[in-house]
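Single-letter residue listing:
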Amino acid sequence: MDLVLQLLFTGIGIGSVYALVALGFVLIFRATNVVNFAQGEFSMVAAFLMVVFSLKIGLPYWIAFVLALVCMACLGAVFNLAVYYPLRHRTYLPVIISTIGASIFMANTTLAIHGPEPEVLSGWFDTPGFMLGPVYLDNQYVLIIVVTALLVVLQYWFFEHTLLGKKLQATSQDKEMASLLGIPVAVMIMITFVYSAVIGGIAGILVAPVLFVSIGMGATIALKAFAATIIGGFGDVTGAIIGGLALGVIETFGAAYISVPYKDGFAFLVLIAFLIFRPQGIFGERVAEKA
Amino acid sequence: MSTSETSATAGDVRPRLRWGVPAFVLLVLAAMVLAVAVPKTGYILNISLQATTYAIAVLGLTIVLGLCGQINLAQAAFFGLGAYAVGIGQTEYGLNFWVCLLVGTGMAAGFGALLGASTLRLGGHYLAMVTISFQQIVTLVLINWIPVTKGPDGVRAIPRPGFLADGSSYLAFCIAMLAGLGFLVWRLRDTRLGRAMRAVRDNELAAGVAGIDVYRTKVTAFALSAILGGIGGGLFAGGFAYVSPDQFSFAESVVFLTMVLLGGVASPIGAVIGTGLLILIPEWLRFLKSIPGLYLAIYGAAVILIVLFMPDGIWGYLRGQLDRFKRAVLPSRTAATLALSGGGEGTDTVMEVRGLSKHFGGLKAVDEVDLTIKRGGVHALIGPNGSGKTTTLNVLSGLYRATAGTIKLNGQDVTDLPPHARTKAGLGRTFQNIRLWRSMTALENVMVGAERPGSAVDNDPAALLARARAALAFVDLEDRADEVVANFSYGHQRAVEIARALAGDPALLLLDEPGAGLNSSEKVELRNLLKRISARGLTILIIDHDMTLVSEVAQHITVLNFGRRIANGYSADVLKHPDVIAAYLGTTPDVPA
Chain A
1 MDLVLQLLFT GIGIGSVYAL VALGFVLIFR ATNVVNFAQG EFSMVAAFLM VVFSLKIGLP
61 YWIAFVLALV CMACLGAVFN LAVYYPLRHR TYLPVIISTI GASIFMANTT LAIHGPEPEV
121 LSGWFDTPGF MLGPVYLDNQ YVLIIVVTAL LVVLQYWFFE HTLLGKKLQA TSQDKEMASL
181 LGIPVAVMIM ITFVYSAVIG GIAGILVAPV LFVSIGMGAT IALKAFAATI IGGFGDVTGA
241 IIGGLALGVI ETFGAAYISV PYKDGFAFLV LIAFLIFRPQ GIFGERVAEK A
Chain B
1 MSTSETSATA GDVRPRLRWG VPAFVLLVLA AMVLAVAVPK TGYILNISLQ ATTYAIAVLG
61 LTIVLGLCGQ INLAQAAFFG LGAYAVGIGQ TEYGLNFWVC LLVGTGMAAG FGALLGASTL
121 RLGGHYLAMV TISFQQIVTL VLINWIPVTK GPDGVRAIPR PGFLADGSSY LAFCIAMLAG
181 LGFLVWRLRD TRLGRAMRAV RDNELAAGVA GIDVYRTKVT AFALSAILGG IGGGLFAGGF
241 AYVSPDQFSF AESVVFLTMV LLGGVASPIG AVIGTGLLIL IPEWLRFLKS IPGLYLAIYG
301 AAVILIVLFM PDGIWGYLRG QLDRFKRAVL PSRTAATLAL SGGGEGTDTV MEVRGLSKHF
361 GGLKAVDEVD LTIKRGGVHA LIGPNGSGKT TTLNVLSGLY RATAGTIKLN GQDVTDLPPH
421 ARTKAGLGRT FQNIRLWRSM TALENVMVGA ERPGSAVDND PAALLARARA ALAFVDLEDR
481 ADEVVANFSY GHQRAVEIAR ALAGDPALLL LDEPGAGLNS SEKVELRNLL KRISARGLTI
541 LIIDHDMTLV SEVAQHITVL NFGRRIANGY SADVLKHPDV IAAYLGTTPD VPA
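Same order as they appear, the protein sequences are chains A and B. Heads up, the first sequence is in the working numbering, so the first residue is 1 and it goes up one at a time. Heads up, the second sequence is in the working numbering, so the first residue is 1 and it goes up one at a time.
For the record, the hints were derived by calculation from the structure and aren't laboratory data. The structure displayed is predicted, hence computed values, not measured ones. All C-beta atoms, glycine included, are put in the ideal place defined by N, C-alpha and C. The reader is advised that the hints may include incorrect statements.
DEER-style ranges, computed between Cβ atoms [to be verified]:
| no. | chain 1 | residue 1 | chain 2 | residue 2 | range |
| --- | --- | --- | --- | --- | --- |
| 1 | A | 276 | B | 93 | 27 to 33 angstroms |
| 2 | B | 552 | A | 89 | 25 to 31 angstroms |
| 3 | A | 149 | B | 489 | 56 to 62 angstroms |
| 4 | B | 191 | A | 154 | 54 to 60 angstroms |
| 5 | A | 89 | B | 163 | 32 to 38 angstroms |
| 6 | B | 183 | A | 116 | 31 to 37 angstroms |
| 7 | B | 191 | A | 116 | 46 to 52 angstroms |
| 8 | B | 309 | A | 63 | 38 to 44 angstroms |
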């Protein structure tokens, strides 16, 4: 039973990271109707920026953190201008291909600059963790869960209770109508990309002390996060969070009880099972074509 | 090859092929002789083998991405399945090379069909993600299932068939395979399946309504693509005698994708050009490989740049330049008159709709509507904006599933059938916002319509072509048969869409606001066209706002308001009905809410 609780905690911690990246997916999807296949690379790049700022240059942790996020915001803007915006009037296929190209470009440029050796990044806390009853709570996991919860609340408040949030929602629902009402659609899409890059970056920095910082981490996280969005119900924010948490838990238990080398395969099996038996996901999908 | 490739229609293909095919065969034979006769280093042989076997896999992407518009990011996994089958099958189980090649291809086909079948009902980004996932699973299995796959060490000493043991003759054999498969892919474009794939790529909704089983077409395209991946991989294993997991990683899937994009997705020639270039260029720029990542980073950037600036690839660009010198062939005006059976002899009711409802959440867009359409007339469905006309049409043609009620077409219950099956049962329709396959010619658009499953010309190419030309002639567009419809004026596009529906010889033609957006002279033409169609005995159900048009062509009118039927009967009576006048002129509607 103790092991179960321990695994549950770890699973929710990892799942929170998937949920954060999945949120980035969902936001961009709702704003542009396009899936950004480079979403995971935002996490990878941010983790490497932390390595540079914190380990190599030796800046204090939180200054390095803020600096990394500023860089992520710029990266999100450049990404929008170079990868999405010129293709905004084409069908989804060229855009998907273009974001895949961007993903490969970002991963391998990082590899070319940094080299293939993974890095170890320490966390925010000096102490590793504490016991709560029978369960050992790793500080970094606690931080991940708390930050994810805070971001989710913040995002909810932002979308539901601020004018900018409402404008973003309007843009995602009907771009033409939004622009007729004087909402600057191009700016809204820009904000979405910048915000998604930043939360992708936060996810990457949070998870870095748990995983190794490696070139491949982005692709792995992105695939899981995408699986999470499908499991939760595509385009649904709550679904993305629940899906992410569920996936983290499934994966952790799978690794503990079934097989470690195939740990990364479980997510995909669950994904394919969902696609066959419940393609609309837990919360139902928003994807329906209009005649 | 280039000239024959430019002919877009089946009608023109045959005469030009008279010299095209022998020239192609000569070229291939020459390449094979060169492969055997010219002495070469092991390095040149390896590069040539890699290029030919990769090109076969890239041909698969020509089908799935170029023809059908679906993405496949697991081509390296299918390539790997073929390669490992040939490797393990021969070295571990002592099977014959050909048996292994067949097994590998079969495995690729099986997994391809399975992946496609589980995903292709959903949007395109699902497929992208699922193929990436599959790719990752295959890589995991190749690395970790050591008893079978030998793990990261890979499989060594893979033999070739005895008579191809020599590298040069094996290369000649691979060239022959590439040429043969490339030819088949090239021919596929103008077959029924190829047209269906292109229709699905250009507009899925219209493809379904034209009688194409969209889902099956996509799964077929995906499975064919996997098969070509498997064949290429099997030949690759024979060529290099050694396979290991890293040769079939996601990075290689990206390389395949880049190859097809660079060369041009639309043609097998593009696949060969792209593969050749992307195998040769990195060899010339070997120094790039000294820095890990740089090489793939350039690939990634190249993908973005190609999509942004050269969406048709190198061959697409060259084709565009060549087409400027193409002689315009004036089509002869030889089309026969279009035969319309009007759905044959049956009862005098074509369509019988009872209690039809369509609810969107709490909104009753269509609420218990009854509709009886008599054979041989024009029946109009009218009503103010938002009264549920187009929703009704979408439920009738199967784009929406009815919440309640029954629809009978020629006595057959079609309520639960998908769109293509209703088309097979005798339905034809056009859309309010025109849905043509924009990259196809007018003739090709109409040919797909004429290929309606179960129609008289279903399996007879000559009759099919004659029927498509006759349908175009019926709307006075025979002269422009070979032009791409994207260049047509709005009115002409509308006419092509009607011709496409007519070509299928439907029992009932549904027209969704055919007059919308037409200028006054085009409206006169439309009215005459409707009268000519009606005169041939074909039943029409028309939605339109133009009361002049409706009252001139329709004998029967049904009026909807707020999703309910408020009047029904002969045109003259209905138009005098007080509820109809109220609904249109805006006095307090005398309708229960």
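Range agreement (Cβ of residue 93/B with Cβ of residue 276/A, hint 27 to 33 angstroms) = 31 angstroms, holds
Look at the Cβ atoms of residue 191/B and residue 154/A and judge whether their distance stays inside 54 to 60 angstroms.
-> 56 angstroms, holds
Just tell me: holds or violated, for the beta carbon distance of residue 552/B and residue 89/A against 25 to 31 angstroms?
-> 39 angstroms, violated
How does the Cβ-Cβ distance of residue 309/B and residue 63/A compare with 38 to 44 angstroms: does it lie in that range?
-> For residue 309/B and residue 63/A the Cβ distance comes to about 40 angstroms; the hint holds.
Look at the Cβ atoms of residue 89/A and residue 163/B and judge whether their distance stays inside 32 to 38 angstroms.
-> Given range 32 to 38 angstroms: violated, Cβ gap about 55 angstroms.
When you take the CB atoms of residue 183/B and residue 116/A, is the distance between them in 31 to 37 angstroms?
-> 43 angstroms, violated
Does the Cβ distance between residue 191/B and residue 116/A fall inside 46 to 52 angstroms?
-> With a Cβ separation near 47 angstroms, residue 191/B and residue 116/A satisfy 46 to 52 angstroms, so the hint holds.
So the hint says 56 to 62 angstroms: do the beta-carbon atoms of residue 149/A and residue 489/B match that?
-> 58 angstroms, holds
Consistency with the previously given hints fails for numbers 2, 5 and 6, ordered from lowest to highest.
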